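Asks: In the order they appear, the protein sequences are chains W and S.
Using this note's numbering, the first residue of the first sequence is number 16, and each one after it goes up by one.
Using this note's numbering, the first residue of the second sequence is number 6, and each one after it goes up by one.
Think of the hints as simulated: they come from the structure by calculation, not from any bench.
A quick note: this is a predicted structure, and the numbers were derived from the prediction, not measured.
Do not rely on the hints blindly, as some may be mistaken.
[Said to hold, decoys possible] Some chain W residues close to chain S (C-beta under 7 Å, calculated; not the full set): (1) F32; (2) Y105; (3) K119.
[As the list claims (entries may be wrong)] One side of the interface only, derived from the structure: several residues of chain S facing chain W at Cβ under 8 Å: (4) L9; (5) N11; (6) E20; (7) G80; (8) G89.
In this text, a Cβ means the ideal position worked out from N, Cα and C, and glycines have one as well.
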Amino acid sequence: MEYILETHNLEKRYQNFKALNHLNIHIKKGAIYGLIGKNGAGKTTLMRVVCGLQKPTNGTYTIYGISNKNHQMNQVRKRMGAMIEAPSIYLDMTARENLIEQYKVVGLPSFDGLDEILKLVGLTGIEKKKAKTFSLGMKQRLGIAITLVGNPDFLILDEPINGLDPSGIIEIRELIVKLNTEKAITFLLSSHYLDELSKIATDYGFVNHGEIIKEITRKELEQNCQKRVEINVSNMKECVKCLEEMKITYEVISQTQVNIYDKVNISELAIKLSNRNCIINAFQEKQESLENYYINLMGGNENDSII
Amino acid sequence: MIQLFNATFYKLKKEKIFILVILMSFGLALFEVYRYRTHGIITIDRIATEYMAIYFGIVMAFFVTIFVGKEYTEGGIRNKIIWGSKRSHIYLTNLMISIFVRITC
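Take these sequences, add in the hints, and give me the full structure.
Replies: Printed below as a string of structure tokens:
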């Protein structure tokens, strides 16, 4: 398994406060990794440390297999782009001028591809407009355009859809998916909009109090969140035989609990189980959204909300 | 570091503050000439102390605060560090640009 980014017990401390607390994250090549956590969980701090904006207190991270303590890390950073907290754009310059400035920082000999980048993010036709007159959505798009200079393989975007209207959110979402599928760019995204993240992320990392609580793939999450009927029975052996005969997809969770994933007539099932001396003690229909999964994972008692 | 210098120089050309500083320097120079024509003989040490040290020091403080400050307020320095540029190179580039502006004015 090739990982673009891995952290090993990463720690960032501000005096007595631990923003990152032995954080271990693994981002596969080609993934769209959604980093989810409440305000102050450590998402932005992680991104800032990985981008080199801050140094870790303890622990290490590797990007493309190169450790942050290796002097080659500066060369490795040329393969990544990032937009942290807010788009970094010069307000007195136009979109084109901002991109030209970034081209010069990167050291590209010509401005080939500049127009394509502007077209990709939907900023054509406004060449003479200064960035200070842009709407928030346009600034976000210009920020993303700047991260694309130099053809990076790995992009880190901190809340890229913050403040956007619904059509802007859709555009950014489609752009991320397009870049991931067509240009094989790996993404690390953080967002409070779980519904949006659930539409594009291939992997998820749940952060709380500076550590990764859980890492899960989209497939595993779908399995966990899949609509199911949870049944509590008195005789698991007979229950399994009955479900096999009915050709129902099921999963045995424990000695007394089984999850059923197909649509089932509960009355019919109850009668059949009863004929086999098996009693249904309890049953419950469940389907979790990413939001519910997150709340259950973090503990529903905490008052802090993700939005 | 040459890339950084090129990028910062390009940014300088687009900055209104650069034009303003040149105009302010020109205006101050004219003012000094007028003062000494009406009040006394122009001597090199008076130009050096008053014009260069005091007036132009204020102008350069104004320029550096705004030009370099924008790197932080608008986040340009973030892009450079994320790309892999060293902070020392960024600071040195800003210093070189400031010296260039000083000489130009």
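Asks: Compare the structure with each hint and give your call.
Replies: Verification of the hints:
Interface hint at F32(W): violated, since its Cβ lies 23 Å from the closest Cβ of chain S, which is beyond the 7 Å cut-off. The interface hint given for Y105(W) is met, as the beta carbon of that residue sits about 5 Å from the closest beta carbon of chain S, less than 7 Å. For K119(W), the suggested interface contact is upheld, since its CB lies about 4 Å from the closest CB of chain S, less than 7 Å. Because the closest C-beta pair between L9(S) and chain W is about 7 Å apart, less than 8 Å, the hint holds.
Interface hint at N11(S): satisfied, since its Cβ lies 5 Å from the closest Cβ of chain W, which is below the 8 Å cut-off. Hint status for E20(S): holds, given a least beta-carbon distance of 7 Å to chain W, under 8 Å. For G80(S), the suggested interface contact is upheld, since its CB lies about 3 Å from the closest CB of chain W, less than 8 Å. Evaluation of the G89(S) hint against chain W yields a held restraint, the C-beta minimum of about 4 Å falling below 8 Å.
In this structure, the one hint that does not hold is number 1.
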